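S.K.: Sequence:
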Amino acid sequence: MFQKPEDQISSYNRAKFFIWNLLSQEFKPTLIGKIFNNFISCLIIISVIHTVIDSEPEVYNFFSHPFFLISYQIFRLFSTEVFMVEYALKVITCTESIKYKRFGPVFGRLRFLFSLRAIIDFLSILPSLISIILMSKQFYLEGKIQLDDSHASALSFFRMLRLLRLGSKSRTINMIRRLIKRQYRDVMSSSIVVIVSWLTMSMLLYFAERERQPEYFGSITESMWFAAVTMTTIGYGDVAPKTVLGKILTIAFGIMALVFFSLFVSIIGNAYMEEVSIYNRKKGKEQDTSRQRHVDLLNVLDHLRQKIDDLSTSSLQNIQQKHTCPNCNHRFVSNQPSNTPH
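So for the sequence shown, full-length UniProt numbering puts the first residue at 1; every next one is plus one.
It should be emphasised that the hints constitute simulated quantities derived from the structure, not laboratory data.
Warning: the hint list may mix true and false statements.
The calculated BS3-like cross-link candidates involving lysine-lysine, where the alpha carbons are at most 30 Å apart (straight line), are [what the hints assert, rightly or not]:
#1 LYS181 to LYS247
#2 LYS181 to LYS282
#3 LYS282 to LYS242
#4 LYS34 to LYS181
#5 LYS90 to LYS181
#6 LYS28 to LYS16
#7 LYS34 to LYS99
#8 LYS282 to LYS28
#9 LYS282 to LYS34
#10 LYS181 to LYS28
#11 LYS181 to LYS242
#12 LYS34 to LYS16
#13 LYS90 to LYS101
#14 LYS90 to LYS28
#15 LYS99 to LYS282
#16 LYS99 to LYS181
Using C-beta positions, here's what the derived DEER-type ranges look like [what the hints assert, rightly or not]:
#17 PHE261 to PHE78: 43 to 53 Å
#18 LYS34 to PHE264: 14 to 24 Å
#19 LEU31 to TRP225: 37 to 47 Å
Since this is a predicted model, take the numbers as computed values, not measurements.
Heads up, the beta-carbon is just placed ideally off N, CA and C, and yes, glycines get one too.
All chains, please: the whole structure from these sequences, using the hints.
M.R.: Below you can see the structure in the form of structure tokens.
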């Protein structure tokens, strides 16, 4: 017998919900979801490590044996397929998320595709996709495949974006993102002050040093390099002011830079401590709620035990009253009657 369309739709929605919760762990963390996410994290780490090693010629030549090259190609194809399937499943099931479900199946998926996480997922698999396409084209035209990644080396940077996926799952990273979002106005105000001070410093240094050092301070944009180095307290030493006014400006701006960075640290630090305290309070409330539920359950069980004891006692008393013999003395011991003679 065939299922009804309603049953089919219900099964499809349940499957979508299960897959989305498995991939995102949005609603209820499961053991299978944790195992899958750890597996994806291992693939990301191995892929990034190989991308870093691949940029070192000596290490690459050391592993130039066909066995290592073929093994790498197999791993790359496998990891690419896993990331592609994961990305496709997210696009299909993203409408089960509370964030995208209210926009409908079409606009919900569009909003997901243009979200930061979806863009990172797509860019991280882009080099491998291009590499596979070019290798397939080469095999179709020449009948062979060149086992190297030189045609996709320019896009190898995008593979490093997979590390951002690990950061998006971190509680600390999510906490920092929330605090920056909460302190957005303070951070933007401080950033505007720093940028205005940087441009002002560059202009003043340009007017003070352009005649003595035209090769370093010949324009405001060239002066911005020295101002940025001074502001970050790096001090490469390749450029130094020679006029008295330039030296005074450099000292003043160095002190201002320390004040600005202290301001940034205080804003972010206080916001982070507040976020940690909020998280601890929520965690404490959850623990208190769980503990209270446990206590309530124990109280209910104890109440049921008392009720059962009361019912057992009353039942035994009723049995004794009903089975009392006027000519015999019967006693009930351990729920078993015992006879005693007159």
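S.K.: Hint by hint, note whether the structure agrees.
M.R.: Checked hints:
About 39 Å separates the Cα atoms of LYS181 and LYS247, which puts this hinted pair outside 30 Å; it is violated. Simply put, LYS181 and LYS282 have alpha-carbon atoms about 19 Å apart, close enough for the 30 Å limit, and the pair holds. Of the supplied pair hints, the one linking LYS282 and LYS242 is violated, its CA atoms being roughly 58 Å apart against a limit of 30 Å. With a C-alpha separation of about 28 Å, the suggested pairing of LYS34 with LYS181 holds against the 30 Å cut-off.
Taking the CA atoms of LYS90 and LYS181, the gap is about 25 Å. The hint holds against a cut of 30 Å. Between LYS28 and LYS16 the alpha-carbon distance is near 14 Å, which keeps this suggested pair within the 30 Å criterion. Of the pairs offered as hints, the one joining LYS34 and LYS99 holds, with about 22 Å between alpha carbons and a cut-off of 30 Å not exceeded. Restraint check for LYS282 and LYS28: satisfied, since their Cα atoms lie roughly 17 Å apart, inside the 30 Å limit.
Proposed proximity of LYS282 and LYS34 is supported: the alpha carbons are some 22 Å apart, at most 30 Å. Pair hint LYS181 plus LYS28 holds up; C-alpha atoms about 25 Å apart against a cutoff of 30 Å. For the hint linking LYS181 to LYS242, the alpha-carbon distance of about 43 Å lies beyond 30 Å, and the restraint is violated. For a cut-off of 30 Å, the pair hint linking LYS34 to LYS16 stands: about 18 Å separates their Cα positions.
Taken as a hint, the LYS90 and LYS101 pair is honoured in the structure, with Cα atoms around 13 Å apart against an allowance of 30 Å. The hinted pair formed by LYS90 and LYS28 meets the criterion: a straight-line CA distance of about 17 Å does not exceed 30 Å. Of the pairs offered as hints, the one joining LYS99 and LYS282 holds, with about 22 Å between alpha carbons and a cut-off of 30 Å not exceeded. Between LYS99 and LYS181 the CA atoms are separated by roughly 18 Å; this keeps the pair inside 30 Å, and the hint holds.
A C-beta distance of roughly 45 Å is found between PHE261 and PHE78, which places it inside the suggested range of 43 to 53 Å. One distance hint, 14 to 24 Å for the beta-carbon pair LYS34 and PHE264, is violated here, with the actual separation near 36 Å. LEU31 and TRP225 have their C-beta atoms about 54 Å apart, which leaves the hinted 37 to 47 Å range violated.
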